[in-house]
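Chains as they are written, first to last, in the numbering used here: chain A, 71 to 756; chain B, 21 to 118; chain C, 7 to 192.
To be clear, the hints were calculated from the coordinates, so they are not data collected in a lab.
Hints are not guaranteed to be accurate.
[What the hints assert, rightly or not] Label pairs and their calculated CB-CB ranges:
hint: 1; chain 1: C; residue 1: Glu10; chain 2: B; residue 2: Gln117; range: 47 to 57 Å
hint: 2; chain 1: B; residue 1: Ala100; chain 2: C; residue 2: Ile15; range: 35 to 45 Å
hint: 3; chain 1: B; residue 1: His104; chain 2: C; residue 2: Leu76; range: 21 to 31 Å
hint: 4; chain 1: C; residue 1: Leu11; chain 2: A; residue 2: Gly728; range: 53 to 63 Å
hint: 5; chain 1: B; residue 1: His104; chain 2: C; residue 2: Pro119; range: 46 to 56 Å
hint: 6; chain 1: A; residue 1: Leu742; chain 2: C; residue 2: Ala61; range: 35 to 45 Å
hint: 7; chain 1: C; residue 1: Gly156; chain 2: A; residue 2: Gln732; range: 49 to 59 Å
hint: 8; chain 1: C; residue 1: Leu11; chain 2: B; residue 2: Gln117; range: 45 to 55 Å
hint: 9; chain 1: C; residue 1: Pro169; chain 2: B; residue 2: Leu116; range: 29 to 39 Å
hint: 10; chain 1: C; residue 1: Ala105; chain 2: B; residue 2: Leu116; range: 23 to 33 Å
Built from N, CA and C at the ideal position, the CB exists for glycine as well.
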Amino acid sequence: MITSMLQGLLAQAEPAARAAGTAAQNAPTGAVAWVWLTLALPLLGFLINGALALTRPQAKTAVSVVGVGVLAGAFAVAVAVFAQLRGEPPEAPLILELWRWMPVGSMDIKMALQVDQLSVVMLLVVTGVGSLIHLFSVGYMRADAGYARYFAYLNLFVAFMLLLVLGSSLPVLFVGWEGVGLCSYLLIGFWYAEKANADAGKKAFIVNRIGDFGVIIAMCIIWWNLRTLDFAVIADRAPLRLEAGSVAVTVITLFLFLGCVGKSAQIPLYTWLPDAMAGPTPVSALIHAATMVTAGVYLVARTGILFSLAPFSSAVVAGVGALTALFAATIGLRQYDIKRVLAYSTISQLGYMFLAVGTGAYVAGVFHLVTHAFFKALLFLGSGSVIHAMHHAYHATHSHADPQDMRNMGGLRRAMPWTFTLMLIATLAIAGIFPFSGFFSKDEILAAAFGRAMGGHPIWYAYYAAAAVAALLTAFYMMRLVAMTFLGENRTGAAEQGHLHEAPWIMTGPLVALGVLSVAGGILNLPSFVGGHHAMATWLEPVVAAANRFMPLEMPHGATEWGLIGGATALAVLGLLLGLRVTQASPIPTASAAEPERGFARVLYRKYYVDEIYDALLVRPLVAISRVVLWKGVDQGLVDGAAVNGSAAVTRGIGWIGSRLQTGQVGLYVVLFILGAVWVLRAVTG
Amino acid sequence: MLLGPSLLLSAVLFSIGVAGVLIRRNAIVLFMCIEIMLNAVNLTFVALSQTLGLGGQVMVFFVMTVAAAEAAVGLAIILAIFRHTKSVDLKHINLLQG
Amino acid sequence: MTTELVFYILAAVAVLSALGCIVQRNPVASALLLVNAMFALAAIYVLLNAQFIAAIQVLVYAGAVMVLFLFVIMLLNLGRTASDLRGMPSWILAGLVAAALIGELYLLHQVTPGGLGALAGAPAGVATPGETFPGMTASTGPSRGSGVVGVIAEPLFRTYLVPFEITSVLLLAAAVGAVVLAKRKL
Numbered sequence: 071m072i073t074s075m076l077q078g079l080l081a082q083a084e085p086a087a088r089a090a091g092t093a094a095q096n097a098p099t100g101a102v103a104w105v106w107l108t109l110a111l112p113l114l115g116f117l118i119n120g121a122l123a124l125t126r127p128q129a130k131t132a133v134s135v136v137g138v139g140v141l142a143g144a145f146a147v148a149v150a151v152f153a154q155l156r157g158e159p160p161e162a163p164l165i166l167e168l169w170r171w172m173p174v175g176s177m178d179i180k181m182a183l184q185v186d187q188l189s190v191v192m193l194l195v196v197t198g199v200g201s202l203i204h205l206f207s208v209g210y211m212r213a214d215a216g217y218a219r220y221f222a223y224l225n226l227f228v229a230f231m232l233l234l235v236l237g238s239s240l241p242v243l244f245v246g247w248e249g250v251g252l253c254s255y256l257l258i259g260f261w262y263a264e265k266a267n268a269d270a271g272k273k274a275f276i277v278n279r280i281g282d283f284g285v286i287i288a289m290c291i292i293w294w295n296l297r298t299l300d301f302a303v304i305a306d307r308a309p310l311r312l313e314a315g316s317v318a319v320t321v322i323t324l325f326l327f328l329g330c331v332g333k334s335a336q337i338p339l340y341t342w343l344p345d346a347m348a349g350p351t352p353v354s355a356l357i358h359a360a361t362m363v364t365a366g367v368y369l370v371a372r373t374g375i376l377f378s379l380a381p382f383s384s385a386v387v388a389g390v391g392a393l394t395a396l397f398a399a400t401i402g403l404r405q406y407d408i409k410r411v412l413a414y415s416t417i418s419q420l421g422y423m424f425l426a427v428g429t430g431a432y433v434a435g436v437f438h439l440v441t442h443a444f445f446k447a448l449l450f451l452g453s454g455s456v457i458h459a460m461h462h463a464y465h466a467t468h469s470h471a472d473p474q475d476m477r478n479m480g481g482l483r484r485a486m487p488w489t490f491t492l493m494l495i496a497t498l499a500i501a502g503i504f505p506f507s508g509f510f511s512k513d514e515i516l517a518a519a520f521g522r523a524m525g526g527h528p529i530w531y532a533y534y535a536a537a538a539v540a541a542l543l544t545a546f547y548m549m550r551l552v553a554m555t556f557l558g559e560n561r562t563g564a565a566e567q568g569h570l571h572e573a574p575w576i577m578t579g580p581l582v583a584l585g586v587l588s589v590a591g592g593i594l595n596l597p598s599f600v601g602g603h604h605a606m607a608t609w610l611e612p613v614v615a616a617a618n619r620f621m622p623l624e625m626p627h628g629a630t631e632w633g634l635i636g637g638a639t640a641l642a643v644l645g646l647l648l649g650l651r652v653t654q655a656s657p658i659p660t661a662s663a664a665e666p667e668r669g670f671a672r673v674l675y676r677k678y679y680v681d682e683i684y685d686a687l688l689v690r691p692l693v694a695i696s697r698v699v700l701w702k703g704v705d706q707g708l709v710d711g712a713a714v715n716g717s718a719a720v721t722r723g724i725g726w727i728g729s730r731l732q733t734g735q736v737g738l739y740v741v742l743f744i745l746g747a748v749w750v751l752r753a754v755t756g
Numbered sequence: 021m022l023l024g025p026s027l028l029l030s031a032v033l034f035s036i037g038v039a040g041v042l043i044r045r046n047a048i049v050l051f052m053c054i055e056i057m058l059n060a061v062n063l064t065f066v067a068l069s070q071t072l073g074l075g076g077q078v079m080v081f082f083v084m085t086v087a088a089a090e091a092a093v094g095l096a097i098i099l100a101i102f103r104h105t106k107s108v109d110l111k112h113i114n115l116l117q118g
Numbered sequence: 007m008t009t010e011l012v013f014y015i016l017a018a019v020a021v022l023s024a025l026g027c028i029v030q031r032n033p034v035a036s037a038l039l040l041v042n043a044m045f046a047l048a049a050i051y052v053l054l055n056a057q058f059i060a061a062i063q064v065l066v067y068a069g070a071v072m073v074l075f076l077f078v079i080m081l082l083n084l085g086r087t088a089s090d091l092r093g094m095p096s097w098i099l100a101g102l103v104a105a106a107l108i109g110e111l112y113l114l115h116q117v118t119p120g121g122l123g124a125l126a127g128a129p130a131g132v133a134t135p136g137e138t139f140p141g142m143t144a145s146t147g148p149s150r151g152s153g154v155v156g157v158i159a160e161p162l163f164r165t166y167l168v169p170f171e172i173t174s175v176l177l178l179a180a181a182v183g184a185v186v187l188a189k190r191k192l
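This is chain A alone, in the form it adopts within the complex (with noise of 0.2 Å):
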């Protein structure tokens, strides 16, 4: 009797403990569980270094060692964490649960880490990049006042934004997501006595916001639908419960990408970029380079499910991302600050990744991303050492001329050897020439773009070639930079040019190692033709894998293929010598003794009018609005007037009629008393 219960016991245990080992499994071990880490150390970081700059800002040392410090750790953690999913690639993603956040009625958010192997590309990007980045800001922000206050800023960035790509559910995501904008308006803003430099910040801000509103319905519309806002679920479910094609998926997907169009700068939410280079260089770099601005791209790419069980907005989002590319690349022509041809070009290569998640290219659009990021924050750095040493310069001769105008720079190859071979690399890498990263990135999104349009899409013939033409101006620009900043005769100045000097090695060494990995940067997806394995296609296959079942992607090959690199690769070179002829044909002014521009150039310089337009459209008629009806009308008069004072006027008058009674003659008193006796006996008797 004694062995049968305890048989039936077993019995009872035996699925349990099945259970737990299942959910033991779920549970990461190793250094997977301690991911977490990479989002505490930079927000120790942050409160060390805010403490800091509220109590000792001149400890320079202490923010530095601090500020890189812990960029380095979280940096480690990474590659721990990557180590350990190399040597076990998870086919589910690893979920570290810290806390429960908001259990509300049946829905339980959860604040948890989503740990698979794209959002361990992340990491690695953001960890990676921003420890070289914040290197780089201590030799750059060395002589500033509020070094402090800037690291405690950065280092709360990255911290949001590896909450952001950790996040394993969209609510988490968007702490991120806001998080992420909230600290580029403060390092935007962070010269704030300017009041140009706080505009662009709020600008900024503003202009996410609008973006965020489209997230947030898109959350609403999902947990309607789904009830989930787990990226996983979302994942399972939605094939299941949504239609593809139908118009909530649509709808869906349409508000989720209003939010990348906000935080990635896409056509039409863009033009906070541009303003957005009043910030520090080092800023610029990563923030709206390298990782804020990929967050859109990233986003689409986690909820790709939904993009591709949505083909009508697959194909905005692609027709987003080119057009993007095209009309950004037209502007970057004509810009003669350095930072916003940087600025334009980063717009024009985040329309290229829209293009290639649009496509379903999932993998070549975060190829792009992690290649864009090494040589465009290797571009903005170089600017970054370039104005350091005009600004030097300047400041020695105590001219007020613009150290990031190009037109006053020149011949700078003399002076900074080592900055002007690496923007070279990097410009090499940005047009797409063979061996270097870029090439590899592009050209795979290009192929995509076109096996769709062969595939039976004929709109992306139109995506194609728009990108293509953006590929020839991509490469015409950058090189007309590199020409007009590097090469002939330097128009700084005589007084200046003995204050030219090559960056310290504290900022040139981040270079270098940049520089290394924009040129081998190919590597991480080489393709078959060259002798490849698509590395990180089958690192990134069991994410997005679900996703292309229902938007398959079709490369071309054999001849396609070929004729296709060749293309690009003419365009490319095209582009570098057009750009290197136009540029030096006739002698450069400097920007004190240029003319106005003319004609279509000055629609190209005005950014066709983008900001003005807006400003009369939207700008003025909410400002108008605003005071006038919403101020004057509804908060002086409604509330002020009405509500609050009339409730006042109103108790006022009740008292009013109250005192009325108080008459101080006795004898209505008395009336009043046999009225009130009268009454009584009436309601006693009944």
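Fit chains B and C to the known structure of chain A by using the hints.
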């Protein structure tokens, strides 16, 4: 015996007293109307004491005593007010006005 | 039969005197009419077997209190002053209130089984008047030995001794208060 009519008479006298209070402005005459009311109540007590016992008459005894005391004090107050306002008209006594 | 007739005559006198009291312009006339009403009431008390109370009514109420009223009226020299009756709205209100009062009491009389008078017969929970007021007999008139006064005096000085003493203190307080209030200078 005469209970019903007595009670009716008492009610009528009481109402007359109330009406008097409502229509007079002279403080002293007002007081007299209150005395009418007291008398009506006395009548009720006496009428009921026929069956309920002498308690009613004892009650009337006390009521009369207290009414006398009240009349004395009340008239003294009216005198004091008259010294101030030179009038016993109620419409002139409005110092409690709020 | 005659008792009732006398009662109705006396009742008519009382009501008419009271009505006259409240509408007279002259305060002295009001006071005298009130004295008249009190006389009529005293007579009714006798009919109701409350002889002592009737005497007290004449002596104290009509004889002392109303005289006091007349003193004060004379003292204030309130003669033929302007009419102190209120306007027509007050008359209407007074009429309404009076009617309401009488109407309510009449309604009560109708609603109560056996009329309000029956309430006096057997109050709920109390068996006999003897138990309600212990040591009390129904007022049947003068008893042998103590007469009319003695019948009242017995409960007054036995059961109601404490209220009696308190009333005397009250009278003392009233006297002192009246003296103080009427002084010219404190």
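Taking the hints in turn, this is what the structure says about them:
1. Glu10(C) / Gln117(B): 47 to 57 Å: holds (52 Å)
2. Ala100(B) / Ile15(C): 35 to 45 Å: holds (42 Å)
3. His104(B) / Leu76(C): 21 to 31 Å: holds (23 Å)
4. Leu11(C) / Gly728(A): 53 to 63 Å: Since Leu11(C) and Gly728(A) have Cβ atoms about 55 Å apart, the given range 53 to 63 Å holds.
5. His104(B) / Pro119(C): 46 to 56 Å: The hinted range 46 to 56 Å holds for His104(B) and Pro119(C), with Cβ atoms some 55 Å apart.
6. Leu742(A) / Ala61(C): 35 to 45 Å: The hinted range 35 to 45 Å holds for Leu742(A) and Ala61(C), with Cβ atoms some 39 Å apart.
7. Gly156(C) / Gln732(A): 49 to 59 Å: holds (54 Å)
8. Leu11(C) / Gln117(B): 45 to 55 Å: Between Leu11(C) and Gln117(B), where Cβ atoms are some 53 Å apart, the hint holds.
9. Pro169(C) / Leu116(B): 29 to 39 Å: With a Cβ separation near 34 Å, Pro169(C) and Leu116(B) satisfy 29 to 39 Å, so the hint holds.
10. Ala105(C) / Leu116(B): 23 to 33 Å: holds (31 Å)
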